[in-house]
Amino acid sequence: MGEIHPIVVHFAVTLLFAAPLLFWLTKLPALYFLKDLVGPLNGLGSGIGIFALWTGWQLANTGFYAGEDFESHRFLAFSVVIIGSIATIFLLFNRHQNIFSDYLIKVLLLVQGVLIVATGNKGGMLTHGDKPWIKTPHSLSLNKMEGSFTIYDGLIQPIFDLKCIACHQETNKNGGLSLVNFESLMEGGSSGPVIQSGEVNQSLLFERITLSKSSTKYMPPTGWPLNYDEINLIAHWIATGAKKEANLIDHPLTDMRLVSYVEEVYGIKNGFQSKIEKQNGTMWTEEIENILKKYPQYLQRIAVNTNWVSLKIDSFYSADILEEFSNITTSIAWIDAGKSNITLEDFALLGALPNLVRLSLDFNKWDNQAVSQLVNYPSIEFLNLYANPVGEEGIIQLLNEKISLNKLIIGATQVEEGEKSGIIKNYPGVEIL
Amino acid sequence: MNLLDEALFERHQLSTRRHFLKACATGLGSMAMGSLLGAPDPKIPHFIPKAKRVIFLHMAGAPSQLELFDYKPLLKELNGKDCPPSLLEGKRFAFISGVPQMLGPQANFSRHGQSGAWISDLLPHFSKMADDVCFLKAMHTDEFNHAPAQLLFYSGSPRLGRPSMGSWVTYGLGSMNENLPSFVVLVSGGKTPSAGKSVWGSGFLPSIYQGVQCRAKGEPVLFAANPNGMSASERKKTIEAINQINEKKYQTFKDPETLTRIGQYEMAFKMQMSVPEAMDIQQEPDYIHEMYGTAPGRASFANNCLLARRLAERDVRFIQLFHWGWDSHGASSGESLDNGFLQRCKEVDQPMSALLKDLKQRGLLDDTIVVWGGEFGRTPMLENRNGVANPFVGRDHQTDAFTIWMAGGGIKGGLSYGETDEIGYSGIKNRVHVHDMQATILHNLGLHHEELTYHFQGRDFRLTDTAGRVVKEILA
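Quick mapping for you: the protein sequence lines, in order, are chains A and B.
Residues 1 to 433, numbered by our numbering, are exactly what the first sequence covers, in order.
Residues 1 to 476, numbered by our numbering, are exactly what the second sequence covers, in order.
Keep in mind the hints are simulated off the structure, nothing from the lab.
Cβ atoms here follow ideal geometry from the backbone N, Cα and C, with glycine treated the same way.
Honestly, I wouldn't trust all of these hints.
No more than 16 Å apart at the CA atoms, straight line, and that leaves these computed lysine to aspartate or glutamate pairs for EDC-like [claimed, not checked]:
| no. | chain 1 | residue 1 | chain 2 | residue 2 |
| --- | --- | --- | --- | --- |
| 1 | A | Lys-312 | B | Glu-178 |
| 2 | B | Lys-412 | A | Glu-263 |
| 3 | B | Lys-357 | B | Asp-421 |
| 4 | B | Lys-50 | A | Glu-277 |
| 5 | A | Lys-243 | A | Asp-320 |
| 6 | A | Lys-339 | B | Glu-313 |
| 7 | A | Lys-339 | B | Asp-315 |
| 8 | B | Lys-472 | A | Glu-264 |
| 9 | A | Lys-312 | B | Asp-315 |
| 10 | B | Lys-43 | A | Glu-289 |
| 11 | B | Lys-412 | A | Glu-289 |
| 12 | B | Lys-472 | A | Glu-263 |
| 13 | A | Lys-217 | A | Glu-207 |
Counterexamples of contact, computed for chain A against chain B with all Cβ distances above 12 Å [said to hold, decoys possible]:
| no. | residue |
| --- | --- |
| 14 | Leu-31 |
| 15 | Lys-122 |
| 16 | Gln-157 |
| 17 | Gly-198 |
| 18 | Thr-210 |
| 19 | Pro-225 |
| 20 | Lys-243 |
| 21 | Asn-290 |
| 22 | Asn-376 |
| 23 | Leu-399 |
| 24 | Lys-407 |
| 25 | Leu-408 |
| 26 | Glu-419 |
The following residues of chain B were derived to be distant from chain A, with all beta-carbon distances above 12 Å [claimed, not checked]:
| no. | residue |
| --- | --- |
| 27 | Pro-45 |
| 28 | Lys-52 |
| 29 | Lys-191 |
| 30 | Ala-225 |
| 31 | Asn-228 |
| 32 | Met-273 |
| 33 | Ser-333 |
| 34 | Gln-361 |
| 35 | Leu-365 |
| 36 | Ser-416 |
| 37 | His-448 |
Please put together the full structure from these sequences, using the hints given.
In structure tokens:
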């Protein structure tokens, strides 16, 4: 029953907030007739609160939560239920005549509200980590890049925090081992160090989490066991030297299953990710909608769940239409202008295009001068210049300025094979074909 | 309710007043639109697509993975030994009966590219592309005969009547092109696949979504050209008149197939101009012909590969190539590993590698998914038809393990995903079912395979039936 604790809690909280609100609202003459509802409502809230206490107790028995925050959460929750019950009794007695002073009930209800907020805060800390009001849990923050966080802090410590720390912390050091941070882990326990850098199978910690579940030495003895992927992550970290500061770029994951697990659970994107996948685009307005409807053969929304727009320019384009498109210049992310004979001047009519990430200009007449002007578009990631009369000079000018570029197609241009391999060598960050 | 009743019921439904108000207000509007374009309107994908189009290279008959990609040194040692009974128990084969002998790899293998992929020496051109493709080495399917397996591969069901993958894709995404069909099929090797034209049929989807087969030799589309003595303007008038009659017919009966008919007449008229232009490989420079090994005027896989690139350039959404003759049982010289198979390898090796290379250098591989494979794999045992050894070396049909490769369009290059056991009999790690492959292709086109549905006979149908997992591990 422990799993339903969060949902039960929210029922109780809603009612225990609603009752005081109603209590004050019934002070208004128009709502006075509802005053007898306040007591039962608060009673129902307290009742569900007692049920929530019980489900919480079950959840705690999994051994999954412990520590100071947990203790406070439990203490506060008990207080809420006790205060709520007292307030209910007072309210019910006061139905027909004022036995208890109205002032006392007001204070009780106020204390009840404050305690709920405090309890919720502590509960949030248990599931969402520090500062639950402003921070989402680590597993929900998306789109981190591999290099931006370290294997230990980003991937390994969270596993300990989730599944080990109840019995292995400073105040509750079972086996003399604390897993609160890297230093305490490396200190080891009463049987010595638990991690042998580089030696997965010599590491006591790894041995204990991979024993048969029926073994008395298997860890964790209660609560949720470590899953296959978590065990493999720990193995990867130990095998690559069990370092504190290393990140996934220093030690990339080789197992495809782990790569996709890390992407799914931790939101760490492996490899290149386009700007339009990281951001959702400018607001979708009626103006954009109208212009898309007007020119369905040119403009299309890239996907239902984004606000980015793709533009296809054919050789029948007119300057007026391009000028009209400049009204939605911030929404345009992809442009396919292959074989369109578009000129730089006409292209400029589309406006600043701050979010243009893909640009196909194959089979056009863009030369060095024209191509070098593309540095003015800050977000281009993919650029196709196939079969354009551009030479080495223009390409190098572009590459020197364009840090956003990820892939560049320069086949059938005036860049010769020798020059091409030179460019490829000099700009290793860009895939040049 | 039988099919006739259902058809009648649907017709009544289509002609009720409510339906008219509900569907025809937009229906009529979009009809005018549709008849202007003659192609399905573009639709918005569910999420940001990695690819815009698909080129499917199907080796009909099922090539042997054990001679091409799935290198099994142990099988070499076991060559000629009797197959242990544990491998035969409870298994059904198309032809093998009694106790067959094991058959070692009939080709030499070496590792290629930075990724070190194992590729047979029968594919010398293709081995240079090793770092651009992703091998799915533990594919598996449910059907061990060609026709049902091909149907499963393309329509998600081994029985007739479902729309094929290309139809689903054009239904889900619409056309990118006003002048060409969005689903084109090219066949080489002299025979259509065993499952017939159903592998590019539209099933219960409106028939505007079905694949259009273009001939690689002679006129690409039969009777599309004007007969002698008929001018283009005359033809135009004729089609306009026919379409006016059809539109009246539509007003009376509201049959969506009439709309398809109107659209197809207009498409055919546009195709009179666009198809000969697109299909004319003579326009290509010499070095391209050399690269693909094409011979203009002949129906060949090479010509079709070059055509596939030309169609991809013209934004045809789904291009499906079939090459015949991979069914290497060993019953005849043409269908044996020691002869016919070697010929087939020679026929496809250079053109398919050239296609990849050409798409890549033009920047098209970035948003084109290329898939190569057969409908199933072949056994590690030598086929003994009816218990008697075949006159030539061959292998029987095998469903439990085979290899396909995918490239481009958001698929990770230089990756071998999945593993088979030591003799290549079953996948043991990272198995991918045919439905998973379909889900993955749809995913990269921006479509959610569970949400791309069509209501028919009282329920929603989808390409992946009730299964399918996007193989996220192979996505770039």
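Outcome of the hint check:
no. : hint                     : in the structure
1   : A:Lys-312 with B:Glu-178 : holds, 13 Å
2   : B:Lys-412 with A:Glu-263 : holds, 15 Å
3   : B:Lys-357 with B:Asp-421 : violated, 32 Å
4   : B:Lys-50 with A:Glu-277  : holds, 11 Å
5   : A:Lys-243 with A:Asp-320 : violated, 60 Å
6   : A:Lys-339 with B:Glu-313 : holds, 10 Å
7   : A:Lys-339 with B:Asp-315 : holds, 12 Å
8   : B:Lys-472 with A:Glu-264 : holds, 9 Å
9   : A:Lys-312 with B:Asp-315 : holds, 11 Å
10  : B:Lys-43 with A:Glu-289  : holds, 14 Å
11  : B:Lys-412 with A:Glu-289 : violated, 35 Å
12  : B:Lys-472 with A:Glu-263 : holds, 10 Å
13  : A:Lys-217 with A:Glu-207 : holds, 9 Å
14  : Leu-31                   : holds, 44 Å
15  : Lys-122                  : holds, 37 Å
16  : Gln-157                  : holds, 25 Å
17  : Gly-198                  : holds, 25 Å
18  : Thr-210                  : holds, 19 Å
19  : Pro-225                  : holds, 23 Å
20  : Lys-243                  : holds, 26 Å
21  : Asn-290                  : holds, 16 Å
22  : Asn-376                  : holds, 21 Å
23  : Leu-399                  : holds, 16 Å
24  : Lys-407                  : violated, 7 Å
25  : Leu-408                  : violated, 9 Å
26  : Glu-419                  : holds, 16 Å
27  : Pro-45                   : violated, 5 Å
28  : Lys-52                   : violated, 9 Å
29  : Lys-191                  : holds, 36 Å
30  : Ala-225                  : holds, 25 Å
31  : Asn-228                  : holds, 32 Å
32  : Met-273                  : holds, 15 Å
33  : Ser-333                  : holds, 41 Å
34  : Gln-361                  : violated, 4 Å
35  : Leu-365                  : violated, 9 Å
36  : Ser-416                  : violated, 10 Å
37  : His-448                  : violated, 10 Å
Violated hints, in rising order: 3, 5, 11, 24, 25, 27, 28, 34, 35, 36 and 37; the structure is consistent with all others.
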